[in-house]
Amino acid sequence: MRVPLTWLREYVELPADVSARDLASQLTLAGLEVETVDELGSDLTGPVVFGRVLEIEELTGFKKPIRYCRVDVGSANGTGEPQEIVCGARNFSEGDLVVVSLPGAELPGGFRIGARKTYGKMSAGMICSATELGLWEDHEGIVVLPEGFAEIGADAIAALGLREDVLDIAVTPDRGYALSLRGVARDVAALYGVALHDPADVTVAGATGPGHPGSVEDPARCDRLVLRGATGFDPQAPTPLWMKRRLHQSGVRPVSLAVDVTNYVMLELGQPLHAWDRDRVNGAIRVRQAAAGEKLETLDHVQRSLDSDDIVIADDSGAQAVAGVMGGLDTEIGPDSANVLVEAAHFDAMSIARASRRHQLSSEASRRFERGIDAAGQLVAATRAVELLAELGGATVETAYTVVDESTPREPIVIRASHASGVAGVDYPEGTSERWLRAVGCAVETDGDLLRVTPPTWRPDITDPNDLAEEIIRFEGYENIPSIRPSGSGRGLTSSQRLRRAVGRVLADTGYNEVLSYPFTAERDLDGLQLAADDPRRASLRLANPLSEEEPLLRTTLLPGLFKALARNVGRGLTDVALFETGLVYLPVPGATRAPILPVDRGPSAEELALVDAALPEQPRRVGVVITGDAERAGWWGEGRAATWADAIQAARDVARVAGVDLEIEADARAPWHPGRCAALYVRVEGERVLVGHAGELHPRVVQAFGLPERTSATEIDLDGVERARTDSPAPTVSTYPVATQDVALVVDASVPVGRISEALAEGAGPLLESVRLFDVYTGEQVGEGRRSVAFALRFRAEDRTLTAEEAGAARDAAVALATERTGAVLRG
Amino acid sequence: MSAPNNSFDPVEVTSLHPDEVARMREEALAAIEAAADLAELKEVRLAHASDRSPLALANREIGALPPAAKADAGKRVGGARRDVGQALKARQAVLETERDERVLVEERVDVTLPWDRTPRGARHPLTTVAERMTDVFVGMGFEVAEGPEVEAEWFNFDALNFQPDHPARSMQDTFFVEGPDGGESGLVMRTHTSPVQIRALLSRELPVYVVAPGKTFRTDELDATHSPVFHQLEGLVVDKGITLAHLRGAIDAFVESVFGEGLRTRFRASYFPFTEPSAEVDIECFVCRGASVGDPDRPCRTCSSEGWIEIGGCGVVNPRVLTAAGVDPEVYSGWAFGLGIERTLMFAHGVRDMHDMVEGDIRFTSAFGSEN
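Top to bottom, those sequences are chains A and B.
So for the first sequence, our numbering puts the first residue at 141; every next one is plus one.
So for the second sequence, our numbering puts the first residue at 611; every next one is plus one.
If we strip away everything but chain A, and leave its shape as in the complex, we get (with noise of 0.2 Å):
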């Protein structure tokens, strides 16, 4: 909503010396949010004076016709000889009023006007246009004012309001009033304690009887609707210069007297109009529900195809309006309307919001009804808008008119006098609520300690007690509520909280950046994933509405985000680039239903919530990990170490380590990843093993389709799983008996993973073991094609004595024995 200021001043009685910086930021503070002032002609210099064209020559012989003028400014320009300028507008004649801005004058815009010689002639001046002075859009030519507008020589840029300070107001969807200069007014007296000249504040003649035909459905969707007449209306007469000056400062383009009128009427009192040609309507004005599919073209030329539960104004020939969004052409005022029809009307605020939606149209008039106009405001709005038609435009007021009226009246609501203290914590002096209430326009009866009051009509929005003690509150100001720090008894960061964070900061210091990425995705990345069609990875939630048609999908998996991360990075020169994710992940429940939307006049039940609950996607929390480049440098120190499917299993073990969970590792063939360099992750919950992710080193296809570096390895976990394998641990005992080292070297099938053979060792060692540790692998002629020689250190200690060679011995060979049970391998020699 934009308020110009002089306006504004017309209805408060505010200070003369209360600037509109001050006053913006008042009423930002008490709600209405002005997001700038617009300082109008604040780069207009003068002199910009009125002149008479005094005589008009035709200048020929150039691509356009001009005209050198011989102006009369008076003394203006210091000499009181006729002004010479040269113009290339034609819509004036030699007496005409005009404007002349004389040499070293500033137009908006860094416009500077100085003598010049153009078309041959000297030109001191220009003779301006209203674009040309900031008064509004108009390329029509110059401004040629009604005859007694002012004295020759005057100074224009007051007498034409050149200079003007507008408020340009964030109107939150619950202030509608404030969508007019009625509303704010109302603030703004309330604010700086001034008194409040209401423009609606008038008494309308009674009707002599009824006037143009009209009636109302369903009064639950538009209970009050006034049609008021005016004839003999001069269609060709114009919008005065102020009207359309204030019209183009609060952001509406004038158009016509009529149309003009009706906008006016609006932005001062908030109640929008519709000026219909009466000659042009045919019979009764209803309002009615539109049948389903029926046609209108409205005002913006769109035919539009109605809903059934638009609202629609009808005549006999059927719907001439969306009610409350835009009317339609048929009936729209002309050049040649006489007589005229203003309408006003109240309609319900969630259909105009469900039609306004739904036709994707929004008006002037949509987003005042459905923020909530003066419910009461239409008689004093349709008699104003005929008046003022009547005053500009040489109409007759018909004294007959109609008025529907089905509105019921608005019940009390009833606080404690102190219910304001308590919403703030603040002890307002006894009287402060009701005088706050009363400036908003509500009528307030005391009754011992409680208040009954009864909102003004152009108050929908208050509607429980917390809605009048924001009133109050606002008004007091929030800057009065003293500050005291809140003190609750909780207990910390849960375990998996606390995990979270540990995990982001084991995977940063072993060198992996966090990205956070967009979870929006498409079928082309699952393909580049080369997901078989029956990967239950491609089952995925698609949004009705994406950004961009290209990302539909929400992910299943991080992969994608994390490829696309990790190319942007090397597609910037990154070479040794490693990120990880934490985030969730949307996997859609087979046979989920729509989920209910529950009641919200009383807390849900169990049964409600789990019919809620079962509508949603799992949603659990995976640790994504990918590495392309060198996991050590090179330097001074020596070689580097590329990053290899290592780094990515080694990712996976950091991240369980974390949790106090052992993962157990196995070979496994699954798509992004390498089939030979795969890495299924199992942990165990009670005893059951639970696959939680995979890592190693990505199929080259997917290397390729994302666009990465060959050999870049990724991880992919799920931390919920982790965290579901979480046991307490007791602490160790630290035995500080010596250790006993043994160290056996195993041949064994090449096929035969490690993991098994130290599994094995780690079993028949028994509880003497402190660690066993895979310290060499070997192959080569001498253990024999297809056969690798693994070396593993076992450290044997007990907690009670020194242990003998003997003991250590027979430790060891136990261990070896169940390992060449289990895998075959042989002690080498």
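Simulated from the structure, these hints should not be mistaken for laboratory data.
Where a beta carbon is used, it is the ideal one built from N, C-alpha and C, also for glycine.
Short, incomplete list of chain B residues facing chain A, as computed with Cβ under 10 Å:
| no. | residue |
| --- | --- |
| 1 | H841 |
| 2 | R858 |
| 3 | R878 |
Starting from the known structure of chain A, fit chain B onto it as the hints suggest.
Below, chain B alone, put in the same frame as chain A:
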């Protein structure tokens, strides 16, 4: 080892002969003098001053002497051992000094050589800022509540007092999730962290003091200041006797902790369906502290010369929300806030462009490390 033997002839114990003791002493002193460095001296100590050195062995033989001879022999051997000990100590001091002066100097390395052998990673600054913000409230006894990102419309809108056709609902630019057959699913990508308020009230015992950091989604194209995926920190308190004063206190504590002491905060009346009254929260610009307002010569990029920076919204929990969550608004009251995590990062660390936060360029994250 050797038992006293009174019949033993002391003259036959050669190692205790004065000449022999003198020889052992001389030998030890010579070896000590000859030791070139501390390692050699260590060897010499083992050879001439340990329990198995000749003088130590000779000392053991004293017990075998007749009482009359013991004192004399003991004096002789003890003197020799004391001399050797002193010589060792002196030589040790000399060699340590030499090491300090020469060897350690020769062993000097270039400590400015880089050791960036293993690259370090970093957590995303949005993550660490969110943790920092969260911890301010954890310190005031709040717990951290959570909820799903794909959320039921009822939680995201209805329970929060968004009427089905209220303009506020379309204000939110919601991503809607399609149902299985292209129909309606009743699900959205949550447009704010506020549905966690409802989940917290439904799942926790009263009173409730929680914050909920998390991802939120709106259909905004990515540009310098917008992203379709962004992060909020929700706060909710529901207890008996809770007022706006406690909300101010919570916000002030947050601002002081994250932006520094002495910054003013202000509430501006605003509108959210789930709070009534509602307010936007501004903090005084920590760069210009308002000095740029109305002074075109000193423009402030941080606050656009407005003097204040908006950091979030807040308000008294609308009693209708409490009702929808099964809490009696006659008994309990509360407040809630939502703070922008991106905004906090942008202001706290001077991040200028949203692109930096979403693109995952490691040059951006590396600058922050794993805590900040």
